[in-house]
Every structure is written in C-alpha cells, then in structure tokens.
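Visitor: For reference, the chains in residue letters:
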Amino acid sequence: MTAPAAHHPAGPLAPPGGAGGLAEVFRRRYLLRLLLRKELQVRYQGSVVGLAWSYVKPLVRFFMYFFVMGILLGLNRFEDFALHIFAGMVVLHLFTETLGAGTKSIVRNKSLITKVQLPRETFPVSSLLVSAYHVVPQLIVLAVMALVYGWHFDPVGIGAGLLGLVLMGVLALTVALFFGALNVFYRDTQNFVDTISIFITWSVPMIYPLERIYAATERGALPDWGVQLYLCNPLAEAVLLFQRCWWTPAAEDSATAAREQMPSYLFERGFISLGVALVLLYLAQRRFTRLEGSFAERL
Amino acid sequence: MSPSIVVDGVTKEFSIRSTRTLKQRVVKRLRGEEVVHSFRAIEDVSFDVEDGESIALMGLNGSGKSTLLKLISGVMRPDQGRVLTRGRIAGLIGLGAGFHPQLSGRANVYLNGAILGMTEAEINAKFTYIIDFAEVGRFLDTEVGHYSSGMQARLGFAVAIHTDCDIFLIDETLAVGDRPFKRKCLKRINDLRREGRTIFYVSHNTNQVERLCKRALVLEQGKLGFDGPVHDAIRHLHYDEDEDPDAGEV
Numbered sequence: 001m002t003a004p005a006a007h008h009p010a011g012p013l014a015p016p017g018g019a020g021g022l023a024e025v026f027r028r029r030y031l032l033r034l035l036l037r038k039e040l041q042v043r044y045q046g047s048v049v050g051l052a053w054s055y056v057k058p059l060v061r062f063f064m065y066f067f068v069m070g071i072l073l074g075l076n077r078f079e080d081f082a083l084h085i086f087a088g089m090v091v092l093h094l095f096t097e098t099l100g101a102g103t104k105s106i107v108r109n110k111s112l113i114t115k116v117q118l119p120r121e122t123f124p125v126s127s128l129l130v131s132a133y134h135v136v137p138q139l140i141v142l143a144v145m146a147l148v149y150g151w152h153f154d155p156v157g158i159g160a161g162l163l164g165l166v167l168m169g170v171l172a173l174t175v176a177l178f179f180g181a182l183n184v185f186y187r188d189t190q191n192f193v194d195t196i197s198i199f200i201t202w203s204v205p206m207i208y209p210l211e212r213i214y215a216a217t218e219r220g221a222l223p224d225w226g227v228q229l230y231l232c233n234p235l236a237e238a239v240l241l242f243q244r245c246w247w248t249p250a251a252e253d254s255a256t257a258a259r260e261q262m263p264s265y266l267f268e269r270g271f272i273s274l275g276v277a278l279v280l281l282y283l284a285q286r287r288f289t290r291l292e293g294s295f296a297e298r299l
Numbered sequence: 001m002s003p004s005i006v007v008d009g010v011t012k013e014f015s016i017r018s019t020r021t022l023k024q025r026v027v028k029r030l031r032g033e034e035v036v037h038s039f040r041a042i043e044d045v046s047f048d049v050e051d052g053e054s055i056a057l058m059g060l061n062g063s064g065k066s067t068l069l070k071l072i073s074g075v076m077r078p079d080q081g082r083v084l085t086r087g088r089i090a091g092l093i094g095l096g097a098g099f100h101p102q103l104s105g106r107a108n109v110y111l112n113g114a115i116l117g118m119t120e121a122e123i124n125a126k127f128t129y130i131i132d133f134a135e136v137g138r139f140l141d142t143e144v145g146h147y148s149s150g151m152q153a154r155l156g157f158a159v160a161i162h163t164d165c166d167i168f169l170i171d172e173t174l175a176v177g178d179r180p181f182k183r184k185c186l187k188r189i190n191d192l193r194r195e196g197r198t199i200f201y202v203s204h205n206t207n208q209v210e211r212l213c214k215r216a217l218v219l220e221q222g223k224l225g226f227d228g229p230v231h232d233a234i235r236h237l238h239y240d241e242d243e244d245p246d247a248g249e250v
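Residue numbers (the working numbering), protein chains in the order written: chain A, 1 to 299; chain B, 1 to 250.
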C-alpha cells in the first residue's frame, strides 16, 4: 500500500514520548474524544435504567438533605431552601465526581499505561469531562427549578455562575491529577479521597446558607477569623458564585439577597481563587510529570 | 547515515517493596530486615541504531529485553543515561491495548488506532487495509467480546502493523494466528524494512531473526553482552547447539 520509497524520519533526536503534559492531551484530542465516547458508551451497558443512574444518586441525596436537614432539623427557614441545596449540589458534583473517578483513573487504565506511550494526563482529564458531561442535564433541571422559584435574568449572576463553574473545573482537574498519580504509589489514596469527600459536602454553603456561618460567629460558637477561614476555601467560593447565579436572583428582593447573602468582594475573591487554583494546577501537573516516570513499573 | 535510536549509558533500576502496609513495614524494620531492595533490570547499556537498520534484541528470559523495549518506546524512563529517538515510534507492542469487549470491531479499530497515535484521517485512510488484513470481514460490527481469541489478536495485530512510523518495535508477537497469517505478517514486516524504516525486533526465534536482521544485541542480566552480526549472536547465546524447537516454523 505504501510506496516502497526510501523513508527518512524528520526532526531531531529526542526522548521518546514528546513533551507530555496537558498540552499533549490537547494535541491528541482525537484520542481523548474516543476514550470519552467509550467511557460514556460502556459505563451503563447492560443496565436497564442506564444513564439515569447518574441522576438517581444525586436525586436521592437531594431529598435526603431536603427532608432530614431541611424539614426535620429545621434548616429550611430561609428563602428558596431547595434551590439553594440543588444549585450547590450541581456545581459541587462536578468536583466530587472528578475527584473520585480521577483518583482511580490511572490505576484503572494500567493495562494501557504499562504498554503504550500516550499522555497519561488523558485519563484524569477524561474523568473531568465525563463529570462535566453529566452536569449539563443537571443544569437544565436547575434552570427549570430556578424559573419555578421566580428566577430572573441577571447578567452579573450569569458571570458569577460561569466563573464558579470554571473555578470548580480547574480545582477538580488539579485534585484528579494529583491524587490520580499518588494512587499509583499508595492505594490508600482512594480511601483518603472517599473520606474527604464526605467532609467536602459540609464545607460549602449548600445544605446551610452562608448566613449560618456569620450567625455562629456572632454567637461565639466560631472565632472571628472563622468566617474568613471558611471563605478561603476555594470550593466554598465556587459554590457561592454559583448561588449568586441561581439562588439570589430567585429571591423576592434579589438585590438585597445578593448584597446580604453573599460575602463582600465576591468577584475579587473569585478571581483570586481562580488564580490560586491555576497555580495549584500547574504544581499538580509538575508533580504528575515527576511521578509519571515510575508509573509503568509501579502499576 | 544518522542514528534513529540512541541508547546512551542507560540504567533502569526497579525497587521491590516486599511490604505494602505500614504495619508490615514497621515490623520488618524492627526486625532489621530490608524493606526495599532494588535490582538493575538494565545496567549501563549503550548502542546506536542507524536509520533504516533492522536490529534484533536477544537474550534469555528475564535478561531485560522487555524493559529495554519499554525504555525505547517511552513507556518507561531511564534512571541514568538517556534514550533518544527520531521520528514516530510504533510497533507490535501492546497489541489490542484498550480493546473493549463491548464495542464493535469497527469502534475498536478506531480506538486502538488512536491509542497507538494515529489520527482520524489516518485511520480512515487505512481502515479497509486493516480490516482486510485482520480477516474479520462480516464480524466488523459485532462486539469484540464475541470474537474468538484468534480474531481479537489478528485485529490488534492488523491495527498495529498499519500504524505509520519511522521506528517499528516488535516484541516477539509473531506467534499470532495460523500459518498463513504469520506469513502475511512477516511479509508486511519485510515491506516495512524495505521501505527504510528502522526495525527493532525482540525475539528468541533464531530463524526469524536471521531472516529479518543483520545485526543483533544480546542482553545478559541487564548488561549488553554482545553487539554484532546475527550469526555470532546466536553462537554467543549457544542457541545453535540444541535442536531449535522453532525450526521449520514460519
């Protein structure tokens, strides 16, 4: 088929495998696309309910929070409680799903990694994209729900929502890379990640509003710097930005809600968080590259 | 001529942890036993392969052949020294890597091709050749899980052998399939060689090695024990003394 002509490779001598890194994943995006398609196609094959399983779990959790936390424990005494929970869940779900799947992604694909040279970052990136794929229908449900609660268009809110989503995505990819690589060396990582996932659920204003943190400080249950510490958490920041997009514009007096329910300097904090997240992503990538050298023999 | 593979003072060390849990580790350490011991799979190996050369890598089991191949393909990184290559690397390694039993033969050809570094256009262009070569014909849209193991192997082989490359690595996989299929594979490898691609061939099979290569490397416990003409390499390994069990095989 190929003409039997003299064949001469171009280019300089270089270490095999190219530059690697996230840029290489982007360069080989056709591979990423096929791996992604396979993942989505294969995950629920042979299951009757299929893709719906991806929504059953969050839905059950939502009703649990709603009834137990909201109604039984009386956390629901603030406006649009259900919307507040759901908006938080959607954006946090992107993070926790990516964290869980990304941590396992390298070990799970060991048959490929030990045989073929390809950018290994492909697997954590693909975990993020699978999670993002599942966020889309959730966003639609959220939008419908928000409209029912009286949401109205607010350009500042939309901006906040986009920033929150991007921030969450960068954070998710960062932890997926870092813990994915670490899991090759210490399989404890999976359990560690499962454990912190429980903690993460309670560390952001989702089931309770930010108000409660301020109230706890005033009561003296938390020290004064407690609020600042809480707001330093970039996950809390991303969730707040998302609440600013979906929850406060649905309030009866949305301008007051946006002023009073959100921390001061919401956007400034958001951009600083994004900057920090990008630096962390860079560090995680560097760490990944260093650890990657011994993936093949440790898997 | 310029080299297409340069292996320069390469050492690869594996550390074997006899313990995985913290408890075991503490106990061992208290007893004064070694927790981690390392061994050198490859030790200070150097050689160049010229562009367009066909070279065989021989050695007993456990002599480090597969490790060296992984260092050249980039799956592993050397601890010391450096490995440099020119151009695109492919080969009969990781055959059928990423094959998914629940996907059709067609989908798996695309997936496996992409894993081996092919672009969409490249796979499209070679698709019919691949299918012809694999002889899967009407099972193209059947799930690969229903294929016989021979068919699966042939499909993996067909994709790998059609990957466009400058350096072609072969890890003693020519035992795939029946005799006509083997003959076809050898012919294709011969074509690749004649096209001027560099062939790096790992095998025990002296017949095939003699047929494909002029030069051979022999690894002995991770060290380069011999580098020279194939006939001398076979003598060096004493492979010529006994009856060759592969004799007569294609």
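It cannot be assumed that every hint is accurate.
Some but not every residue of chain A turned toward chain B, in silico, with C-beta under 7 Å [what the hints assert, rightly or not]: (1) L13; (2) L31; (3) L34; (4) L36; (5) K38; (6) Y44; (7) K115; (8) V116; (9) S197; (10) T201; (11) G293; (12) E297; (13) L299.
DSSO-like mimics (lysine-lysine), calculated; alpha carbons at most 27 Å apart, straight line [claimed, not checked]: (14) A:K115 with B:K187; (15) A:K115 with A:K38; (16) A:K57 with A:K115; (17) A:K115 with B:K182; (18) B:K184 with A:K115; (19) A:K104 with A:K38; (20) A:K104 with B:K23; (21) A:K115 with B:K223.
Quick caveat, the hints were computed from the structure, so don't treat them as lab data.
Since we're looking at a predicted model, the values are computed, not measured.
For every residue, glycine included, the Cβ atom is placed at its ideal position computed from N, Cα and C.
Visitor: A separate judgement is required for each hint: does it hold in the structure or not?
Guide: Each hint tested on the structure:
1. L13: 4 Å, holds
2. L31: It holds, given that the least Cβ distance between L31 of chain A and chain B is near 4 Å, below 7 Å.
3. L34: 5 Å, holds
4. L36: 11 Å, violated
5. K38: Constraint on K38 of chain A satisfied, holds at 6 Å.
6. Y44: 11 Å, violated
7. K115: Constraint on K115 of chain A satisfied, holds at 3 Å.
8. V116: 4 Å, holds
9. S197: 23 Å, violated
10. T201: For T201 of chain A, the interface hint is violated, since the closest Cβ of chain B sits about 28 Å away, which is over 7 Å.
11. G293: G293 of chain A check passes; min Cβ-Cβ to chain B is 4 Å, inside 7 Å.
12. E297: Interface hint status for E297 of chain A: holds (6 Å vs cutoff 7 Å).
13. L299: This hint is violated: L299 of chain A lies away from chain B, its Cβ roughly 11 Å from the closest one there, beyond 7 Å.
14. A:K115 with B:K187: 25 Å, holds
15. A:K115 with A:K38: 19 Å, holds
16. A:K57 with A:K115: 35 Å, violated
17. A:K115 with B:K182: 22 Å, holds
18. B:K184 with A:K115: OK: K184 of chain B and K115 of chain A at ~24 Å, within 27 Å.
19. A:K104 with A:K38: 17 Å, holds
20. A:K104 with B:K23: Satisfied, since the Cα-Cα distance of roughly 24 Å is no more than 27 Å.
21. A:K115 with B:K223: 23 Å, holds
Checked against the numbered hints above, the structure violates hints 4, 6, 9, 10, 13 and 16; every other hint is satisfied.
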